[in-house]
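S.K.: Each chain, letter by letter, is given below.
Protein chains: 2
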Amino acid sequence: MQIKRHKTRKVKINDLEIGGDAPICVESMTNTDPHDVSATIKQINELASAGCELVRIALPDLKAAEYVKDIKKETDVPLMADIHFDYRIALAAIEYGIDSLRLNPGNIREPEYVKKVVDAVKEKNMTVRIGVNSGSINRKKYPHPTPEALVDSAFEHIKIFEQENFFNIIVSLKSTDVLTTIRAYEIFSKKSDYPLHIGITEAGTQFSGAIKSSVGIGVLLYEGLGDTLRVSLSGNPVTEVTTGYKILQALGLREHGVEVIACPTCGRAEIDVEKIALDIENSTSNINKHIKIAVMGCIVNGPGEAMDADVGVACSKNEAIIFKKGKIIKKITHNQIKDELINAIVS
Amino acid sequence: MQIKRHKTRKVKINDLEIGGDAPICVESMTNTDPHDVSATIKQINELASAGCELVRIALPDLKAAEYVKDIKKETDVPLMADIHFDYRIALAAIEYGIDSLRLNPGNIREPEYVKKVVDAVKEKNMTVRIGVNSGSINRKKYPHPTPEALVDSAFEHIKIFEQENFFNIIVSLKSTDVLTTIRAYEIFSKKSDYPLHIGITEAGTQFSGAIKSSVGIGVLLYEGLGDTLRVSLSGNPVTEVTTGYKILQALGLREHGVEVIACPTCGRAEIDVEKIALDIENSTSNINKHIKIAVMGCIVNGPGEAMDADVGVACSKNEAIIFKKGKIIKKITHNQIKDELINAIVS
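Chains as they are written, first to last, in this note's numbering: chain A, 648 to 994; chain B, 648 to 994.
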């Protein structure tokens, strides 16, 4: 079983392909002070280690744009500058080596300034994301941020770029409302083959936000929509990356690291399933190979229910069994669970 | 914008309606020792307080079934017994006042025993959930737990009940694999109008499991499928309930308590958005009225981006503004944020 992806044209940010048949990209964004260069570099590299493939940084002023030069020296992951209104910041960021821009050309207003930006990105063969959200639509025309308003707003910005013969575009249409967001992407994708950046904007605190993002991004991906994604969460952005991969993994769209399946436990469980599962999750977090590990609290149903797991453990009160693909390979004691599971994974 | 739900027939567990036009029900399951009556009662009531509308308890033996009598005295929330294989436990649970059963009649094997159970549930006008999962399908017929295998297995159990003229049935078809689960419900719902209990089985540790469940349950709900749900997570089952409501809320299917939208923060944020959002989330967790609260790190975009929020705060370095439905109602200092937000909510 596999999801059939909506066909989009492919764009590139350095060597990173987005759209077409390229794997769905996982993005994030720094939340360090843009004038604190060393903190920003540190966070970018933490994000890259977690598997982030494209890091966005806000550039609120010209000074921040200048720092791009220093940041680029210390990291290999492609960087996208988030720019609002001021075309001079865009030009500076390009000059100092940024790899991509997120910029809505309609916000720059003056056609001659738009042309300057387009000329600069064209010269470097860059890709630009147009990022429409509930806050960026024309309130006079659309008093409410409906899906149609988001889509129309995106096409207004697209038109400005297309008039300049610029087509290396990624589009996002984000609302804080999940249904509005889904509907906007559905409508847009019927009218356009530009690659889509998907996400739910201002999704909330880590746990609540992860749920809301998983629902919204999950539905879009299931419908075949989305070429690159960002899970927006408050707090340490590394969680955005791990959450992004978990969403993709749930739908079989990408494999990344260890996946621990724990049975939800019931009155029949005779061990602390959660503790063992968390233990395994923590002690395998640096494994990049994709492995499915099951921790089951019941020796009777365990191996059968977790037949698809590469490796698993099922426990009764007095013993435990290690199984691989549903086949029991070893009887062990409770003390041996963690070590034997890790052994079974690496062997 | 609203999701159109798949039309199912309605069943009842006491006064709780499931299916048809009834609100989508949020379930959970105890994980206390079924012989520890006071711990089980305590957990059932904690689940009920969190909004759980149907609590399942595992009854592994006759002793556990007898305790149903004591448990029923101490709680009003409907209880469903989870029973495997042994029809005597089912009969005992019914005798001692259980409100519903989760039981796969094919597992009881002997037709005369099945008839005894059906007679007993019919007499009390009870509803039974048939719960098929990857571990319960016929491995000889289906070496792999495909969606079709899950659906066929469900219909085998349904047939046994229907032959006894019993139709008060809820059906679940759960796999640990999200795509298999979604596809199974899609296929089943085209062939049947029995109400559906949805969920992803053994979904994992709290954070990973919540993501996987949100994706799977989210897609099904978006397709209009699901009349009652359980988010299966290891650990304290109260999280299953809060997660369930957050999923329903994300799709506009139910409103429950306070929803805090926090902007994901970027280099422009001048306050600790996550800290304020968590503070607000914690100090409003006992409010049952549905309210959308926004915490925005940027005074320029904040009120516009969070126009749909009932109440919100947006902050610059030196001041903050409280807004309602996008309209600024007050300028305040940072120290006043929490109190003024709470004031704005209750007023």
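Hints in this document: simulated from the structure, not taken from any laboratory. One should not assume that every hint holds.
Unchecked claim - Taking lysine-lysine pairs in the DSBU-like style, the calculated list, with each CA pair at most 35 Å apart, reads:
1. A:K657 - A:K806
2. B:K806 - A:K974
3. B:K657 - B:K837
4. B:K939 - A:K788
5. B:K806 - A:K922
6. A:K922 - B:K710
7. A:K710 - A:K654
8. B:K763 - A:K972
9. A:K806 - A:K972
10. A:K651 - B:K787
11. B:K763 - B:K710
12. A:K838 - B:K838
13. A:K710 - B:K978
14. B:K977 - A:K710
15. B:K837 - A:K978
16. B:K838 - A:K719
17. A:K710 - B:K964
18. B:K689 - B:K787
19. A:K964 - B:K787
20. B:K787 - A:K971
21. A:K977 - B:K939
22. B:K719 - A:K651
23. A:K922 - B:K922
24. A:K710 - A:K763
25. A:K922 - B:K651
26. B:K689 - B:K939
27. A:K787 - B:K936
28. A:K964 - B:K710
29. B:K720 - B:K837
30. A:K837 - B:K651
31. A:K985 - B:K710
32. B:K838 - A:K964
33. A:K762 - A:K657
34. B:K719 - A:K838
35. A:K659 - A:K769
36. A:K710 - B:K974
37. A:K710 - A:K689
S.K.: The structure should be examined with respect to each hint, and the outcome stated for every one.
M.R.: Consistency of the hints with the structure:
no.: 1; hint: A:K657 - A:K806; verdict: 19 Å, holds
no.: 2; hint: B:K806 - A:K974; verdict: 32 Å, holds
no.: 3; hint: B:K657 - B:K837; verdict: 17 Å, holds
no.: 4; hint: B:K939 - A:K788; verdict: 25 Å, holds
no.: 5; hint: B:K806 - A:K922; verdict: 40 Å, violated
no.: 6; hint: A:K922 - B:K710; verdict: 28 Å, holds
no.: 7; hint: A:K710 - A:K654; verdict: 40 Å, violated
no.: 8; hint: B:K763 - A:K972; verdict: 38 Å, violated
no.: 9; hint: A:K806 - A:K972; verdict: 53 Å, violated
no.: 10; hint: A:K651 - B:K787; verdict: 31 Å, holds
no.: 11; hint: B:K763 - B:K710; verdict: 20 Å, holds
no.: 12; hint: A:K838 - B:K838; verdict: 34 Å, holds
no.: 13; hint: A:K710 - B:K978; verdict: 30 Å, holds
no.: 14; hint: B:K977 - A:K710; verdict: 33 Å, holds
no.: 15; hint: B:K837 - A:K978; verdict: 44 Å, violated
no.: 16; hint: B:K838 - A:K719; verdict: 57 Å, violated
no.: 17; hint: A:K710 - B:K964; verdict: 19 Å, holds
no.: 18; hint: B:K689 - B:K787; verdict: 42 Å, violated
no.: 19; hint: A:K964 - B:K787; verdict: 29 Å, holds
no.: 20; hint: B:K787 - A:K971; verdict: 19 Å, holds
no.: 21; hint: A:K977 - B:K939; verdict: 52 Å, violated
no.: 22; hint: B:K719 - A:K651; verdict: 49 Å, violated
no.: 23; hint: A:K922 - B:K922; verdict: 28 Å, holds
no.: 24; hint: A:K710 - A:K763; verdict: 20 Å, holds
no.: 25; hint: A:K922 - B:K651; verdict: 40 Å, violated
no.: 26; hint: B:K689 - B:K939; verdict: 31 Å, holds
no.: 27; hint: A:K787 - B:K936; verdict: 32 Å, holds
no.: 28; hint: A:K964 - B:K710; verdict: 19 Å, holds
no.: 29; hint: B:K720 - B:K837; verdict: 41 Å, violated
no.: 30; hint: A:K837 - B:K651; verdict: 21 Å, holds
no.: 31; hint: A:K985 - B:K710; verdict: 33 Å, holds
no.: 32; hint: B:K838 - A:K964; verdict: 42 Å, violated
no.: 33; hint: A:K762 - A:K657; verdict: 23 Å, holds
no.: 34; hint: B:K719 - A:K838; verdict: 57 Å, violated
no.: 35; hint: A:K659 - A:K769; verdict: 13 Å, holds
no.: 36; hint: A:K710 - B:K974; verdict: 33 Å, holds
no.: 37; hint: A:K710 - A:K689; verdict: 19 Å, holds
Hints 5, 7, 8, 9, 15, 16, 18, 21, 22, 25, 29, 32, 34 from the list above are not met by this structure, while the remaining hints are.
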